[in-house]
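Asker: Mapping the sequence shown onto my numbering, position 30 (from 1) lands on 35, and the numbers just tick up by one.
Rather than coming from a laboratory, the hints here were simulated on the basis of the structure. Each residue gets a CB set at the ideal place from its N, CA and C atoms; glycine is no exception. Please note that a few of the clues may not be correct.
Stated by the list, open to error - Each pair of labels, with its calculated beta carbon distance range:
1) 74 with 35: 43 to 49 Å
2) 17 with 199: 45 to 51 Å
3) 22 with 106: 56 to 62 Å
4) 197 with 56: 25 to 31 Å
5) 54 with 17: 17 to 23 Å
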Amino acid sequence: DQRQADAVRARTELDLRLGAAFTRLQTLTLQNEFEGLDGIMSYGPCQFPTMWFVVQRAKRIEAFVQETFWQIELDHKKRAELSSEEEASAVFTWARRRLFDRQSALVLYELCVERRVAVVTSVNGHEKKRWRPTPLSTVELQKEASRRLRIPSDRAMEIAERLYQQGYLSYPRTETDKFKEGFDLAALVGAQAGNPQWGGFARALQAGGFEWARDGGH
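Work the whole structure out from these sequences, hints included.
Answerer: As structure tokens, then:
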């Protein structure tokens, strides 16, 4: 599509011209106005809006005032009656989530303890389907490591590169979200089968639960 190609070329040209022009303007204008600005004052059409979001988030964090709160947690466990069954559990969430008054939370807690029996008033359920995940690009790897494991992005890349050097990962610094045809994923799964924490999951994949990752198209 020639129009899309022209649009990409125009955007590239605009980014280059704006970045070069405003970087020079900022550097020459601000260097002599503020102490400590000795280097280049870079400008980019994307980095400035991004910087605004970062600054706003930092201001909200600085203005945050911690408050003590109380919440009631309830879970129910059903023991396995047969050796082939697994113990089932259900965790209930409180609609109010939390109270900032200890006495009020304590009164509600004592009422729950005294009654001991809960009544299920309604049950709602729905089927939910998800696409199989695609292989992680660099950005998605960093996002998932931060969201699920609370690992900073730079630390996540250090770990990923070590795992790559040891043969456990494909090359982590990539925007590709599909595996090369013929890539031996089964060998990587097999290498985890003896792990005491997640080896059972790896063995279940080896026993027929493995499906090839979805092709992300990049």
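Asker: Work down the list of hints and note, for each, if the structure agrees.
Answerer: Quick rundown of the hints versus the structure:
no., hint, result
1, 74 with 35: 43 to 49 Å, "45 Å, holds"
2, 17 with 199: 45 to 51 Å, "50 Å, holds"
3, 22 with 106: 56 to 62 Å, "59 Å, holds"
4, 197 with 56: 25 to 31 Å, "41 Å, violated"
5, 54 with 17: 17 to 23 Å, "18 Å, holds"
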